[in-house]
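K.L.:
Residue numbers (the numbering used here): 1 to 408.
Please note: incorrect hints may appear among the correct ones.
What the hints assert, rightly or not - List of simulated lysine-lysine pairs, DSS-like, C-alpha gap at most 30 Å:
hint: 1; residue 1: Lys333; residue 2: Lys15
hint: 2; residue 1: Lys395; residue 2: Lys15
hint: 3; residue 1: Lys333; residue 2: Lys84
hint: 4; residue 1: Lys15; residue 2: Lys84
hint: 5; residue 1: Lys333; residue 2: Lys395
It is worth saying that the hints were derived from the structure and are not from the lab.
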Amino acid sequence: MSSTQLHAESEQRGKLPLRALLALATAAFITVLTETLPAGVLPAMSSDLDVSESAIGQLVTLYALGTAATAIPLSAVTAGWRRKRLLLTGVVGFAVANTVTALSTYYPLTMAARFVGGVAAGIVWALLATYARRMTPEPMQGRAIAIVMAGIPLALSLGVPAGTFLGELLGWQVTFSVMSVIALALILWIAATVPDYPGHERGGRIPLTRTLAIPGVGAVLFVTLAFVLAHNILYTYIATFLGHVGLGGSVSLALLIFGIASIVSIWIVGAQIDRRLRTLTIAGTLLVAAGATLLAVLATSPTLVYLAVALWGLGWGGVPTLLQTAVGDAGGKAGDTALAILVTLWNVGMAAGGVVGGVILDLFGPTAFPWSVLVLLLPVLIAVLAASRHGFPRKKSAPLEAIPEPAK
(Lines of atoms letter the chains of each structure in order from A and count residues from 1; the text may use other names and numbers.)
(Lines give C-alpha, C1' and ligand atoms only; values in the text may rest on other atoms or scores of the structure.)
Protein backbone atom coordinates (compact mmCIF):
# COMPACT_ATOMS: atom_id res chain seq x y z
CA MET A 1 0.00 0.00 0.00
CA SER A 2 1.42 3.43 -0.98
CA SER A 3 2.09 6.24 1.49
CA THR A 4 -0.71 8.28 -0.13
CA GLN A 5 -3.21 5.45 0.40
CA LEU A 6 -2.08 5.06 4.02
CA HIS A 7 -2.63 8.78 4.52
CA ALA A 8 -6.12 8.60 2.98
CA GLU A 9 -7.09 5.79 5.34
CA SER A 10 -5.71 7.69 8.31
CA GLU A 11 -7.70 10.79 7.34
CA GLN A 12 -10.89 8.77 6.97
CA ARG A 13 -10.40 7.39 10.51
CA GLY A 14 -9.76 10.91 11.84
CA LYS A 15 -6.28 10.01 13.09
CA LEU A 16 -2.96 11.77 12.85
CA PRO A 17 -0.56 10.23 10.28
CA LEU A 18 2.14 9.90 12.93
CA ARG A 19 4.81 8.12 10.87
CA ALA A 20 4.69 10.78 8.17
CA LEU A 21 4.57 13.63 10.71
CA LEU A 22 7.58 12.22 12.57
CA ALA A 23 9.48 12.09 9.28
CA LEU A 24 8.72 15.80 8.82
CA ALA A 25 9.78 16.45 12.45
CA THR A 26 13.10 14.77 11.64
CA ALA A 27 13.44 17.06 8.64
CA ALA A 28 12.94 20.05 10.97
CA PHE A 29 15.51 18.53 13.35
CA ILE A 30 18.11 18.21 10.58
CA THR A 31 17.39 21.73 9.34
CA VAL A 32 18.02 23.34 12.73
CA LEU A 33 20.92 21.09 13.70
CA THR A 34 22.70 21.68 10.37
CA GLU A 35 22.35 25.42 10.96
CA THR A 36 23.54 25.55 14.57
CA LEU A 37 26.10 22.74 14.72
CA PRO A 38 29.16 24.88 13.81
CA ALA A 39 28.66 26.82 17.06
CA GLY A 40 29.19 23.62 19.06
CA VAL A 41 32.41 22.62 17.29
CA LEU A 42 33.65 26.14 16.55
CA PRO A 43 37.19 25.98 18.03
CA ALA A 44 38.06 22.70 16.29
CA MET A 45 36.70 23.89 12.92
CA SER A 46 38.65 27.13 13.32
CA SER A 47 41.88 25.25 13.91
CA ASP A 48 41.45 22.68 11.13
CA LEU A 49 40.33 25.20 8.49
CA ASP A 50 42.98 27.69 9.61
CA VAL A 51 40.60 30.64 10.03
CA SER A 52 39.49 32.68 13.03
CA GLU A 53 36.64 31.60 15.27
CA SER A 54 34.65 34.64 14.15
CA ALA A 55 35.01 33.40 10.55
CA ILE A 56 33.57 30.01 11.56
CA GLY A 57 30.74 31.88 13.28
CA GLN A 58 29.85 33.37 9.90
CA LEU A 59 29.02 29.85 8.66
CA VAL A 60 25.83 30.08 10.74
CA THR A 61 25.06 33.53 9.36
CA LEU A 62 25.68 32.41 5.77
CA TYR A 63 23.30 29.47 6.23
CA ALA A 64 20.54 31.80 7.46
CA LEU A 65 21.19 34.23 4.61
CA GLY A 66 20.99 31.37 2.11
CA THR A 67 17.55 30.52 3.43
CA ALA A 68 16.36 34.13 3.57
CA ALA A 69 17.61 34.95 0.06
CA THR A 70 16.13 31.93 -1.71
CA ALA A 71 12.96 30.83 0.12
CA ILE A 72 10.55 33.08 -1.82
CA PRO A 73 12.12 32.82 -5.32
CA LEU A 74 12.56 29.05 -5.04
CA SER A 75 9.01 28.68 -3.78
CA ALA A 76 7.82 30.47 -6.91
CA VAL A 77 10.10 28.60 -9.32
CA THR A 78 9.14 25.18 -7.92
CA ALA A 79 5.44 25.95 -7.48
CA GLY A 80 4.48 23.36 -10.11
CA TRP A 81 6.66 20.58 -8.71
CA ARG A 82 5.02 17.67 -6.96
CA ARG A 83 5.42 18.25 -3.24
CA LYS A 84 7.17 14.98 -2.38
CA ARG A 85 9.76 15.48 -5.09
CA LEU A 86 10.45 18.98 -3.76
CA LEU A 87 10.73 17.78 -0.15
CA LEU A 88 13.15 15.02 -1.14
CA THR A 89 15.22 17.54 -3.12
CA GLY A 90 15.59 19.66 0.02
CA VAL A 91 16.72 16.70 2.14
CA VAL A 92 19.21 15.66 -0.57
CA GLY A 93 20.56 19.21 -0.31
CA PHE A 94 21.29 18.64 3.40
CA ALA A 95 23.07 15.36 2.62
CA VAL A 96 25.26 17.08 0.03
CA ALA A 97 25.97 20.16 2.18
CA ASN A 98 26.94 18.17 5.28
CA THR A 99 29.05 15.69 3.28
CA VAL A 100 31.02 18.49 1.62
CA THR A 101 31.42 20.24 5.00
CA ALA A 102 32.77 17.01 6.52
CA LEU A 103 35.29 16.48 3.70
CA SER A 104 36.34 20.06 3.01
CA THR A 105 39.66 21.45 4.21
CA TYR A 106 39.16 24.70 2.25
CA TYR A 107 37.19 27.48 3.96
CA PRO A 108 35.60 28.98 0.78
CA LEU A 109 34.33 25.50 -0.20
CA THR A 110 32.89 25.06 3.30
CA MET A 111 31.16 28.43 2.94
CA ALA A 112 29.64 27.32 -0.37
CA ALA A 113 28.41 24.10 1.24
CA ARG A 114 26.82 26.09 4.06
CA PHE A 115 25.02 28.30 1.55
CA VAL A 116 23.68 25.18 -0.20
CA GLY A 117 22.48 23.95 3.19
CA GLY A 118 20.67 27.24 3.71
CA VAL A 119 19.00 26.93 0.30
CA ALA A 120 17.87 23.40 1.22
CA ALA A 121 16.50 24.76 4.49
CA GLY A 122 14.47 27.36 2.58
CA ILE A 123 12.89 24.60 0.49
CA VAL A 124 12.10 22.40 3.48
CA TRP A 125 10.85 25.13 5.82
CA ALA A 126 8.43 26.44 3.20
CA LEU A 127 6.94 22.93 2.90
CA LEU A 128 6.74 21.56 6.45
CA ALA A 129 3.70 23.38 7.84
CA THR A 130 1.77 23.17 4.56
CA TYR A 131 2.52 19.45 4.31
CA ALA A 132 1.38 18.82 7.89
CA ARG A 133 -1.88 20.67 7.22
CA ARG A 134 -2.61 18.91 3.93
CA MET A 135 -2.22 15.38 5.25
CA THR A 136 -4.16 15.89 8.50
CA PRO A 137 -7.92 16.26 9.14
CA GLU A 138 -8.77 19.95 9.72
CA PRO A 139 -9.62 19.69 13.46
CA MET A 140 -6.12 18.34 14.16
CA GLN A 141 -3.99 20.45 11.83
CA GLY A 142 -2.52 22.62 14.59
CA ARG A 143 -1.55 19.52 16.55
CA ALA A 144 0.10 18.08 13.45
CA ILE A 145 2.22 21.21 12.97
CA ALA A 146 3.20 21.04 16.65
CA ILE A 147 4.49 17.49 16.17
CA VAL A 148 6.56 18.59 13.18
CA MET A 149 7.92 21.66 14.98
CA ALA A 150 9.04 19.50 17.94
CA GLY A 151 12.15 18.86 15.87
CA ILE A 152 13.36 22.40 16.63
CA PRO A 153 13.80 22.22 20.44
CA LEU A 154 14.99 18.63 20.17
CA ALA A 155 17.77 19.78 17.84
CA LEU A 156 18.73 22.64 20.17
CA SER A 157 18.46 20.83 23.51
CA LEU A 158 19.67 17.36 22.48
CA GLY A 159 21.14 17.48 18.97
CA VAL A 160 23.66 20.29 19.47
CA PRO A 161 25.03 18.95 22.80
CA ALA A 162 25.25 15.42 21.34
CA GLY A 163 26.92 16.70 18.18
CA THR A 164 29.35 18.77 20.23
CA PHE A 165 30.23 15.76 22.40
CA LEU A 166 30.73 13.57 19.33
CA GLY A 167 32.87 16.26 17.75
CA GLU A 168 35.07 16.51 20.83
CA LEU A 169 35.39 12.71 20.99
CA LEU A 170 35.92 11.79 17.33
CA GLY A 171 36.27 15.09 15.45
CA TRP A 172 33.85 17.58 13.97
CA GLN A 173 34.10 15.89 10.56
CA VAL A 174 32.49 12.77 12.06
CA THR A 175 29.63 14.87 13.41
CA PHE A 176 28.81 16.29 9.98
CA SER A 177 29.19 12.82 8.43
CA VAL A 178 26.61 11.46 10.87
CA MET A 179 24.28 14.27 9.81
CA SER A 180 24.65 13.12 6.20
CA VAL A 181 23.80 9.54 7.18
CA ILE A 182 20.69 10.76 9.01
CA ALA A 183 19.67 12.72 5.90
CA LEU A 184 20.07 9.63 3.70
CA ALA A 185 17.96 7.57 6.12
CA LEU A 186 15.35 10.34 6.14
CA ILE A 187 15.11 10.18 2.34
CA LEU A 188 14.06 6.53 2.60
CA TRP A 189 11.65 7.32 5.46
CA ILE A 190 9.97 10.10 3.48
CA ALA A 191 9.74 7.92 0.39
CA ALA A 192 7.98 5.19 2.38
CA THR A 193 5.60 7.18 4.61
CA VAL A 194 4.94 10.71 3.36
CA PRO A 195 2.09 11.14 0.85
CA ASP A 196 2.57 12.98 -2.41
CA TYR A 197 0.58 16.01 -3.57
CA PRO A 198 0.54 17.98 -6.82
CA GLY A 199 2.03 21.45 -7.00
CA HIS A 200 0.17 24.50 -8.20
CA GLU A 201 -1.12 24.63 -11.75
CA ARG A 202 0.35 27.33 -13.97
CA GLY A 203 -1.12 30.61 -12.78
CA GLY A 204 -2.59 28.94 -9.71
CA ARG A 205 -0.08 30.39 -7.24
CA ILE A 206 -1.21 33.59 -5.54
CA PRO A 207 1.21 36.48 -6.27
CA LEU A 208 3.30 37.93 -3.46
CA THR A 209 1.65 41.35 -3.40
CA ARG A 210 -1.86 39.89 -3.28
CA THR A 211 -0.83 37.54 -0.50
CA LEU A 212 0.40 40.48 1.59
CA ALA A 213 -2.94 42.21 1.04
CA ILE A 214 -4.91 39.36 2.63
CA PRO A 215 -6.29 40.48 6.03
CA GLY A 216 -4.22 39.11 8.89
CA VAL A 217 -1.19 38.00 6.89
CA GLY A 218 0.70 41.27 7.42
CA ALA A 219 0.05 41.18 11.17
CA VAL A 220 1.41 37.65 11.52
CA LEU A 221 4.48 38.48 9.45
CA PHE A 222 5.22 41.58 11.55
CA VAL A 223 4.90 39.56 14.75
CA THR A 224 7.21 36.93 13.27
CA LEU A 225 10.00 39.37 12.41
CA ALA A 226 9.86 41.26 15.71
CA PHE A 227 9.50 38.15 17.90
CA VAL A 228 12.32 36.24 16.19
CA LEU A 229 14.59 39.28 16.36
CA ALA A 230 13.87 39.72 20.09
CA HIS A 231 14.54 36.04 20.81
CA ASN A 232 17.75 35.82 18.81
CA ILE A 233 19.33 38.95 20.26
CA LEU A 234 19.25 37.27 23.67
CA TYR A 235 19.78 33.66 22.53
CA THR A 236 22.81 34.48 20.38
CA TYR A 237 24.53 36.26 23.26
CA ILE A 238 23.26 34.20 26.18
CA ALA A 239 26.78 32.97 27.01
CA THR A 240 28.02 36.56 27.07
CA PHE A 241 25.15 37.64 29.31
CA LEU A 242 25.56 34.72 31.73
CA GLY A 243 29.30 35.34 31.93
CA HIS A 244 28.63 38.99 32.83
CA VAL A 245 26.39 37.99 35.76
CA GLY A 246 28.83 35.39 37.07
CA LEU A 247 27.26 32.27 35.57
CA GLY A 248 29.63 31.70 32.67
CA GLY A 249 30.16 28.09 33.71
CA SER A 250 26.43 27.34 33.60
CA VAL A 251 25.68 28.00 29.93
CA SER A 252 25.06 24.32 29.14
CA LEU A 253 22.70 23.97 32.12
CA ALA A 254 20.80 27.10 31.13
CA LEU A 255 20.40 25.88 27.54
CA LEU A 256 19.25 22.46 28.78
CA ILE A 257 16.59 24.12 30.96
CA PHE A 258 15.56 26.25 27.98
CA GLY A 259 15.31 23.17 25.73
CA ILE A 260 13.25 21.13 28.21
CA ALA A 261 10.89 24.07 28.78
CA SER A 262 10.55 24.49 25.00
CA ILE A 263 9.54 20.85 24.59
CA VAL A 264 6.91 21.27 27.34
CA SER A 265 5.69 24.38 25.51
CA ILE A 266 5.27 22.51 22.24
CA TRP A 267 3.31 19.77 24.02
CA ILE A 268 0.93 22.33 25.53
CA VAL A 269 0.56 24.20 22.24
CA GLY A 270 -0.03 20.96 20.34
CA ALA A 271 -2.85 20.02 22.69
CA GLN A 272 -4.60 23.41 22.60
CA ILE A 273 -3.69 25.23 19.38
CA ASP A 274 -6.71 24.16 17.34
CA ARG A 275 -8.97 25.89 19.89
CA ARG A 276 -6.84 28.61 21.50
CA LEU A 277 -4.28 29.93 19.01
CA ARG A 278 -4.81 33.58 20.02
CA THR A 279 -4.65 32.87 23.76
CA LEU A 280 -1.51 30.76 23.38
CA THR A 281 0.23 33.45 21.32
CA ILE A 282 -0.54 36.11 23.93
CA ALA A 283 0.58 33.76 26.71
CA GLY A 284 3.82 32.95 24.88
CA THR A 285 4.61 36.64 24.44
CA LEU A 286 3.94 37.37 28.12
CA LEU A 287 6.02 34.40 29.30
CA VAL A 288 9.05 35.47 27.25
CA ALA A 289 8.58 39.03 28.54
CA ALA A 290 8.40 37.73 32.13
CA GLY A 291 11.64 35.79 31.65
CA ALA A 292 13.35 38.84 30.14
CA THR A 293 12.13 41.01 33.04
CA LEU A 294 13.64 38.62 35.58
CA LEU A 295 16.95 38.63 33.69
CA ALA A 296 16.87 42.42 33.50
CA VAL A 297 16.30 43.14 37.20
CA LEU A 298 17.17 40.01 39.21
CA ALA A 299 20.00 38.32 37.28
CA THR A 300 22.25 38.28 40.36
CA SER A 301 20.38 35.23 41.72
CA PRO A 302 21.26 31.93 39.96
CA THR A 303 17.89 30.44 40.96
CA LEU A 304 15.98 33.34 39.41
CA VAL A 305 18.14 33.21 36.29
CA TYR A 306 17.23 29.56 35.77
CA LEU A 307 13.56 30.40 36.45
CA ALA A 308 13.80 33.19 33.87
CA VAL A 309 15.28 30.83 31.29
CA ALA A 310 12.50 28.30 31.98
CA LEU A 311 9.83 30.99 31.46
CA TRP A 312 11.57 32.06 28.28
CA GLY A 313 11.57 28.47 26.96
CA LEU A 314 7.91 27.94 27.94
CA GLY A 315 6.97 31.06 26.01
CA TRP A 316 9.18 30.52 22.98
CA GLY A 317 8.94 26.76 22.33
CA GLY A 318 5.50 26.88 20.73
CA VAL A 319 6.03 30.12 18.79
CA PRO A 320 7.12 28.50 15.48
CA THR A 321 3.99 26.33 15.53
CA LEU A 322 1.71 29.21 16.47
CA LEU A 323 3.00 31.61 13.83
CA GLN A 324 3.08 29.08 10.98
CA THR A 325 -0.45 27.98 11.84
CA ALA A 326 -1.62 31.58 12.07
CA VAL A 327 -0.17 32.62 8.71
CA GLY A 328 -1.50 29.43 7.06
CA ASP A 329 -4.98 30.07 8.44
CA ALA A 330 -4.90 33.75 7.43
CA GLY A 331 -3.45 33.03 3.99
CA GLY A 332 -6.03 30.40 3.02
CA LYS A 333 -5.40 29.49 -0.63
CA ALA A 334 -2.28 31.66 -0.56
CA GLY A 335 -0.90 29.74 2.44
CA ASP A 336 2.15 28.42 0.55
CA THR A 337 3.22 31.92 -0.48
CA ALA A 338 2.53 33.32 3.00
CA LEU A 339 4.64 30.57 4.57
CA ALA A 340 7.51 31.24 2.16
CA ILE A 341 7.46 34.90 3.22
CA LEU A 342 7.39 33.84 6.88
CA VAL A 343 10.43 31.59 6.36
CA THR A 344 12.30 34.51 4.78
CA LEU A 345 11.45 36.92 7.59
CA TRP A 346 12.25 34.28 10.20
CA ASN A 347 15.77 33.91 8.84
CA VAL A 348 16.17 37.66 8.44
CA GLY A 349 15.31 37.95 12.13
CA MET A 350 17.83 35.24 13.01
CA ALA A 351 20.62 36.86 11.03
CA ALA A 352 19.73 40.33 12.33
CA GLY A 353 19.74 39.07 15.91
CA GLY A 354 23.50 38.57 15.81
CA VAL A 355 24.14 41.93 14.13
CA VAL A 356 21.77 44.00 16.30
CA GLY A 357 22.91 42.17 19.43
CA GLY A 358 26.52 42.98 18.58
CA VAL A 359 25.67 46.68 18.25
CA ILE A 360 23.79 46.60 21.57
CA LEU A 361 26.74 44.86 23.23
CA ASP A 362 29.22 47.48 21.98
CA LEU A 363 27.03 50.45 22.90
CA PHE A 364 25.34 49.40 26.13
CA GLY A 365 26.91 46.16 27.39
CA PRO A 366 25.40 42.70 28.14
CA THR A 367 22.84 43.99 30.66
CA ALA A 368 20.93 45.64 27.78
CA PHE A 369 20.00 42.34 26.12
CA PRO A 370 16.92 41.55 28.26
CA TRP A 371 15.72 45.15 27.98
CA SER A 372 15.95 44.97 24.18
CA VAL A 373 13.70 41.90 24.28
CA LEU A 374 11.10 43.83 26.27
CA VAL A 375 11.25 46.79 23.87
CA LEU A 376 10.61 44.51 20.88
CA LEU A 377 7.90 42.44 22.56
CA LEU A 378 5.72 45.46 23.30
CA PRO A 379 4.75 46.03 19.63
CA VAL A 380 4.44 42.24 19.24
CA LEU A 381 1.82 42.12 21.99
CA ILE A 382 0.01 45.16 20.58
CA ALA A 383 -0.08 43.60 17.10
CA VAL A 384 -1.45 40.27 18.40
CA LEU A 385 -4.14 42.01 20.47
CA ALA A 386 -5.12 44.25 17.54
CA ALA A 387 -5.41 41.35 15.05
CA SER A 388 -8.52 39.99 16.75
CA ARG A 389 -10.49 39.46 13.51
CA HIS A 390 -7.75 38.21 11.19
CA GLY A 391 -4.29 36.87 11.96
CA PHE A 392 -4.95 35.99 15.61
CA PRO A 393 -8.77 35.82 15.69
CA ARG A 394 -10.81 35.27 18.83
CA LYS A 395 -12.59 32.45 17.01
CA LYS A 396 -11.13 30.34 14.22
CA SER A 397 -12.85 31.24 10.97
CA ALA A 398 -13.15 29.39 7.70
CA PRO A 399 -10.24 29.88 5.27
CA LEU A 400 -10.61 32.80 2.88
CA GLU A 401 -11.94 31.72 -0.48
CA ALA A 402 -11.54 35.10 -2.12
CA ILE A 403 -8.12 36.66 -2.55
CA PRO A 404 -8.08 40.45 -2.79
CA GLU A 405 -7.68 41.67 -6.35
CA PRO A 406 -4.89 44.13 -7.07
CA ALA A 407 -5.96 47.78 -7.05
CA LYS A 408 -6.67 49.23 -10.46
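K.L.:
Each of the hints needs a verdict: does it hold here or not?
P.N.:
Hint-by-hint comparison with the structure:
With a C-alpha separation of about 24 Å, the suggested pair Lys333 and Lys15 falls inside the 30 Å cut-off, and the hint holds. Using a Cα cut-off of 30 Å, the hinted pair Lys395 and Lys15 holds, with the two alpha carbons roughly 24 Å apart. A threshold of 30 Å between alpha carbons decides the hint, and for Lys333 with Lys84 the separation of about 19 Å falls inside it, so the pair holds. At most 30 Å may separate the alpha-carbon atoms for a hinted pair to count; Lys15 and Lys84 meet this at roughly 21 Å.
About 19 Å separates the Cα atoms of Lys333 and Lys395, which keeps this hinted pair within 30 Å; it holds.
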